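Just so you know, the sequences run in chain order A and B.
Here the numbering used here is used: the first sequence runs in plain steps of one and ends on residue 428.
Here the numbering used here is used: the second sequence runs in plain steps of one and ends on residue 396.
I should point out that these hints are in silico values taken from the structure, not numbers from a laboratory.
A couple of the hints might just be wrong.
As the list claims (entries may be wrong) - Restricting the straight-line Cα-Cα distance to at most 27 Å, the calculated cross-link-like pairs of lysine-lysine (BS3-like) are:
| no. | chain 1 | residue 1 | chain 2 | residue 2 |
| --- | --- | --- | --- | --- |
| 1 | B | K359 | A | K358 |
| 2 | A | K415 | B | K322 |
| 3 | A | K189 | A | K415 |
| 4 | B | K359 | B | K167 |
| 5 | B | K198 | A | K130 |
| 6 | A | K310 | B | K198 |
| 7 | A | K230 | A | K130 |
| 8 | B | K322 | A | K130 |
| 9 | A | K358 | A | K231 |
| 10 | A | K130 | B | K310 |
| 11 | B | K200 | A | K130 |
Unchecked claim - FRET-style restraints, in silico, Cβ to Cβ:
| no. | chain 1 | residue 1 | chain 2 | residue 2 | range |
| --- | --- | --- | --- | --- | --- |
| 12 | A | M336 | B | F393 | 28 to 36 Å |
| 13 | A | W324 | B | K359 | 44 to 52 Å |
| 14 | A | A235 | B | R197 | 36 to 44 Å |
The structure presented is a predicted model; accordingly, all values stated were derived computationally and were not measured.
Beta carbons: idealized from backbone N, C-alpha and C, even for Gly.
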Amino acid sequence: MEKRKKAFSVRHISETLRSMKEDTQFANDRLRWISNVKNFILSLFRLAIIIGICYVILGPVIGIISSSFFSDTDRYNPMVYLIPQDPTLERYKMAMKYLDYWKTMGGSLLYSLSLMIIQVLVCSMVGYGFARFNFPFKKLLFACVVVMIVIPTNTIMLPLYMTFSKFDVFGIIEAVTGSSVNLLGTPAPMFLMTFLGCGLRSGLYIYMFNQFFRGLPKEIEEAAFVDGAGTWYTYFRIMLVNAMPSVITVAIFSMVWQYNDTFYAKLFLISDNIVISKKISTIEASISNVEKILDPTILELFLDAGIVLIMIPIVLIYVALQKQFIEGVERSGIVG
Amino acid sequence: MKTKNAAIKKKRSLSQRRAMKGFLFILPWFIGFVWFYARSMFMTIQFSFSEMTVNPGGGYTLEFVGLKNFLYAFRAHATYKQILTTSIGNMLIDVPLIIFFSLFMALLLNRKFKGRTLVRAIFFLPVILNSEAILSAMNLARNMMSGGISSASAELAEAASGSGVSIDYYIQMFTALGLPETIIEYISGAVGRISDIISASGVQIIIFIAALQSIPGSMYEVAKIEGATAYETFWKVTIPMVMPHVITNMVYTVVDSFVRSDVVELAYDTAFKYYDYGLSSVFSFVSTLLTCLILVVVCGLIQKRTFYYN
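Could you build all of it, start to finish, from the sequences and the hints given here?
Shown next as structure tokens:
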């Protein structure tokens, strides 16, 4: 009797053990399965969000591009959506003609490129000065850089307008030529301001360069100093080369923002022929005046074509330098 | 003479010479700042307290009128108060949304997945295409694309009574769940303005991605070894490390939304269409002051809760 009981209990225990073993295996499988499903659902969710937001960003761009190919009949036909029935290049021809495209584009690119070069040189210099040298009132002066970022340019637009409409340096120009100069209507104010480190968003660029230079090891300069390099040589041939990620980021930012800028262009009355983003705002009016097209919905199509035309160079620059740009932003000093 | 110069040169210590050189580096900026910024800010304040008449031969004369311009702006001007309050209200609503949205997007984009470069390139497109003309054309196109379809589908939905997506239905559902109405309104409003929020948060996403990448990986390792879940890791490691950059983003967002606001436009029109320079200066001055005040208060509040790693 006792023997049987024992046997039973042994069998029982071994059975329980086996079933437990199976159970854990089952539980493991189930856990793995659950986590797989969870990951799958999460990545599906992420995909949905990313696709949705990409659509929100790209949607209008697609809309502009497609409607720039619309002909009149397509515009009036309510059944036509995004894909034109008989596409036409008429809009581009007209937009090119009224923008005087090649000439204006060349002028704008030259204008923003030259400002970009000045911007990079001056801002990197100032950023380097703040990052590596100690001089009295340094903290206060750097606070002024931050003030430049924080204070919107709109606050000082009137005085700037006044300054450049009667431009003079301590009365020297008036003493020599008899009257002060009106610099409005020329790109000179923009160049002067950029050259003196106060151009479009210069404060931000100075800040970025400062942060980047502070992150570079000091040994580089010490080595250069020991090898007999002067300060300026060190800066141009060593520091600036090392700061390439920052330089590329600032270069793209400043080039593109300068190209897009209409605030300063309007304020300083800079000619339309070198600021294409300003010229585009008059294209509808001039086409309607000269070509006698009065329907605003049709005029919009010309505007769309013009917008595509002015977007092309920026998008090309961006696509070409996209990788360096994003990596540069990540590595360079926007973040302290 | 030469020896004297040399003697003077020798007298300066190395650090003094370094200081001189450093000052030379920042000299162009310093001149520019004093000439264009400091002087202009002073002039703006001066203009706002005076009546300006432009002389026919060029130049202008200022006549001190005290608070007259301010009183006019706040008591008599037809739209200023309204525009100012709506602009600031919009700013206060938008800033937290933009910050949360860009943090969320940065977390998503920081992961490794297929096509990440492409997605990132698309996300930074609004930073590149921020010209006034392009933006207004994009708005038109957006209305064209969504307006055409959604108005048509709304009609259809009404005809078919209840098929199709109705926002009201979801709003009712959430109200039934017991969420407070203000929150629901806030969120549904945010969803309605999603395209504005996305286009305003390009730079912020970049900053947050950079911040996330600057967190040392060893911190996550430690958290993992100590047995923290992903949720805990996020709140105890990621958020505190990103917090300092929230301030940077906050400053950027506030200034950016101020520059885009209607107050700026009003100030511009007042100056260059109606030639009332004093009033325009008041508009700029007051709104700048308010923006700075908001910045100081918000940054002060966050700074208290911020932990600085370095």
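Against the structure, the hints:
1. About 13 Å separates the Cα atoms of B:K359 and A:K358, which keeps this hinted pair within 27 Å; it holds.
2. Note on A:K415 and B:K322: the hinted pairing is violated, with a Cα-Cα distance of about 32 Å set against a maximum of 27 Å.
3. Our distance criterion of 27 Å between C-alpha atoms is broken by A:K189 and A:K415, whose separation comes to about 35 Å.
4. A threshold of 27 Å between alpha carbons decides the hint, and for B:K359 with B:K167 the separation of about 20 Å falls inside it, so the pair holds.
5. For a cut-off of 27 Å, the pair hint linking B:K198 to A:K130 stands: about 18 Å separates their Cα positions.
6. Under the criterion of a C-alpha separation no larger than 27 Å, the hint pairing A:K310 with B:K198 is inconsistent with the structure, at around 34 Å.
7. Only pairs whose Cα atoms come within 27 Å are accepted, and A:K230 paired with A:K130 is rejected, the gap being roughly 54 Å.
8. Straight-line distance between C-alpha atoms of B:K322 and A:K130 comes to about 23 Å, which keeps the hinted pair within the 27 Å bound.
9. Between A:K358 and A:K231, the direct Cα distance comes to roughly 35 Å. Violation of the 27 Å bound is thereby established for this hinted pair.
10. Of the supplied pair hints, the one linking A:K130 and B:K310 holds, its CA atoms being roughly 19 Å apart against a limit of 27 Å.
11. For a cut-off of 27 Å, the pair hint linking B:K200 to A:K130 stands: about 19 Å separates their Cα positions.
12. One distance hint, 28 to 36 Å for the beta-carbon pair A:M336 and B:F393, holds here, with the actual separation near 33 Å.
13. Checking the proposed 44 to 52 Å range against A:W324 and B:K359 shows it holds: the Cβ atoms sit about 48 Å from each other.
14. At about 38 Å, the beta-carbon gap between A:A235 and B:R197 stays in the expected band of 36 to 44 Å.
Of the hints listed earlier, those the structure fails to meet are numbers 2, 3, 6, 7 and 9, in rising order.
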